[in-house]
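The primary structure of each chain is shown beneath.
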Amino acid sequence: MSLRLAAGTGAAAVVLLPCGGALLALLGAGDGALGALAEPRLLRIAGFTLGQAALSTLLAVGLALPVARALARRAAFPGRAALLALFGLPLVMPTIIAVFGLIEVYGRAGWVARLAAAAGRPGFGFPYGLAGILLGHVFFNLPLAVRLLLPQWQAVPGEVWRLAAQLGMGPGAVWRLIEWPLLARALPGVALLVFVLCCTSFAVVLALGGGPAAATLEVAIYQALRFDFEPARAAALALAQLALCLGLAALAARAGRPLALGGGELRAYPRPDAAGRLAAALDGICIAAAALFVGLPVAALAAAALRVPAELLADARLWRAAGLSLALALGAGLAALLLGWSLLLAARDLRLRRGRPRVAAAFEGVGLAGLATPPLVLGTGLFMWLAPHVDVFVVAPALLPLLGALLGLPYVLRVLGPPCERVAAHYDRLCASLGVTGWQRARLVEWPLLRRPVAQALALACALAAGDLGAVALFGSPATTTLPLLLYQQLGAYRMDAAALSAALLLALCLALYHGIERVLGGGDAR
Amino acid sequence: MRVELEALRFRYAALEMCFDLSVATGECLALLGPSGAGKSTLLGLIAGFERALSGCVRFDGVDVTQVPPALRPVSTVFQEHNLFPHLSVADNVGLGLHPGLRLDRAQHAEVAAALARVGLDGLGARLPAQLSGGQRSRVALARVLVRRRPLLLLDEAFAALGPALRNEMLDLVDALRRDRGLTVLMVSHHPDDALRIAARTAFVHAGHVLQVGATAAVLGAAACPPLRAYLGTVEGTATG
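Protein chains in written order, with the working numbering: chain V, 1 to 527; chain D, 1 to 240.
In short, the hints are calculated from the structure, not lab data. Check before you lean on any hint, since a few could be wrong.
Some chain D residues close to chain V (C-beta under 8 Å, calculated; not the full set) [said to hold, decoys possible]: (1) ALA47; (2) VAL74; (3) HIS81; (4) ASN82; (5) PHE84; (6) HIS86; (7) GLY96; (8) GLY100; (9) LEU101; (10) CYS224.
Pairwise CB distance ranges, derived in the manner of DEER restraints [said to hold, decoys possible]: (11) ALA442/V / GLN130/D: 19 to 27 Å; (12) ALA250/V / GLY232/D: 35 to 43 Å; (13) LEU511/V / VAL67/D: 47 to 55 Å; (14) VAL67/D / LEU352/V: 16 to 24 Å; (15) ALA173/V / GLN130/D: 39 to 47 Å; (16) TRP439/V / ALA222/D: 52 to 60 Å; (17) ALA160/D / ARG451/V: 26 to 34 Å; (18) LEU91/V / SER132/D: 33 to 41 Å; (19) ARG228/D / TRP439/V: 51 to 59 Å; (20) ALA113/D / SER2/V: 34 to 42 Å; (21) ASP174/D / ALA173/V: 53 to 61 Å.
Note that the coordinates shown come from a computational prediction; the quantities given were computed from them, not determined experimentally. Every residue gets a Cβ at the ideal spot worked out from N, C-alpha and C, and that includes glycine.
All chains should be modelled from the sequences, with the hints used to inform the complete structure.
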């Protein structure tokens, strides 16, 4: 067995062993676990999970459509690039920060409430519960859906627009004949992705749901384990969530066609349906409304951070949490990169050099285990697996990076996989004919060609791990209070000043990690 | 270097291939044939990228069928991806001297001389993206020069170039062949390429070398029916 295959097998074991152990522990947890699956309370929670996810998806994708169309029709206006960068922010921004921003804007003492009071309509309160959850989910997924839908327009060749202009197509015909057929192909994939994200979202539901009445499976697991101390119930909930995720993953696999994030360059073809004041006004309204919706909470966060009293900066807990978050992010990110890269190298070797595409696909599929089992499900399983043998809160510092790594692994595979395979497809023969092998190949060929995607993958994995609340909340103890957990506790205690500082620090940490790694490791001019 | 292929079998998807061919030292042989006929596979078998199911490849009478690509006395120029985009022109050529790019002073001089020989004097510091398509082909040929391997395989190397540039490159290949006594095998889609520099032409069809002979004859009156169909001269010769 070659070194690459050995490394890939090792990585697969590191991923599958805890997943398998957790699954067995969940299945074996208490006799009542499987029986509890039929319990009406659980059915209600599962129903709420699916219902809120469906509503969130409908709202997020439904609202994203006109916004994406407006952005596609207006391929060049001042601030377009900045707006798209803003729409990319929720991808890197930890959810709990957004929660803070949303409370600042829509909360009881928020901007909207104060504006309403000034206009003589006091009493505007923050819509906790289902409305709050929907608000949070749309905030995150509307920009994501826009960024996923926008590249669809890039597939329209310039000739089509010229033809449409020549034939005199109006906006209705352009939409029906050109745009809708394109979007219809992408919509199921986008909607499914958003649906999955809303089913497994934790921080938004926990912080904005406002109580057990609006609990999804993900949050109910956490409450059962941490507050009610009902392991059997937690296991039943975790199994239900796992079944839901596996079902969705199977659906996603059938939907096929991986989605590409885009939104950058659109060539500006003169579109016959974009002329006219009405079209321009409608597009302007769509774009401005979306910009405000996404931009306001971010601005609120910045404004809140600026008015934080200076003495809060001396809080030792804050800096301890920040240090812990940094260490966790780097540890989990590096582990995700190492695992992902090992799996990819083994898969590439098998596919391109040994003619074993099925085994290769199995190696790549290992990474998706992390996607199919949300961190909270995995965490619960690990909790039950390990609890009889060790003090879980003592081993938590070792478990958290592992959970974080599994969280980032699918993204590492997504970002690094295609370029990794491309390097082999393009340059294997050339390298073989020149005798460039082993270390020399790594130094001269692989690293320079892959450092960009490697840096991107690491940056994304680190930022994700830094912002994760789920695993930390589950295993959290005073010794492992990271910034997201600290922020959640401060929000729960309505200590908004301290929360503003934590949120700003966490956002700065995530952005610094993300951009720092991408710049430094990715190199400025490397192609 | 004399190249002989004897009952060299290979299978790709449903296509069973079996090649018999011999090329004399210092000769330039063109390989023509429809897409998917196995021309590139034939070159891959000679270069060692592909492993034959049976049969043998001999260079100057020595069986090299099991020898790995880097140890064969062969240089290949592909249609694309001949150069690493992140390495300078000089480094791309220098890879032909040391696969880890540890070059001494004499070798750096050799790289510069090779670049001068192919008409790229002073462009060593550029990146491939800063060159034209024709110049990139020249870099690949400069690397062929410094490697000093007696056998050169061109796998549609100049297919992406316009007619004038292509002829220029073919003439350069021909000059290098005479200078260095190279044996050249050239896969192409253009009969003109063969007529320009290849003394002999082989027609590859459905995994077999169907016809070999002097280029003018093979492409003219002596063409077998499948070759005529490929060349599009069926009607003309049928009535004549």
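request  = Provide an ascending list of the numbers of those earlier hints which the structure does not satisfy.
outcome  = 10, 12
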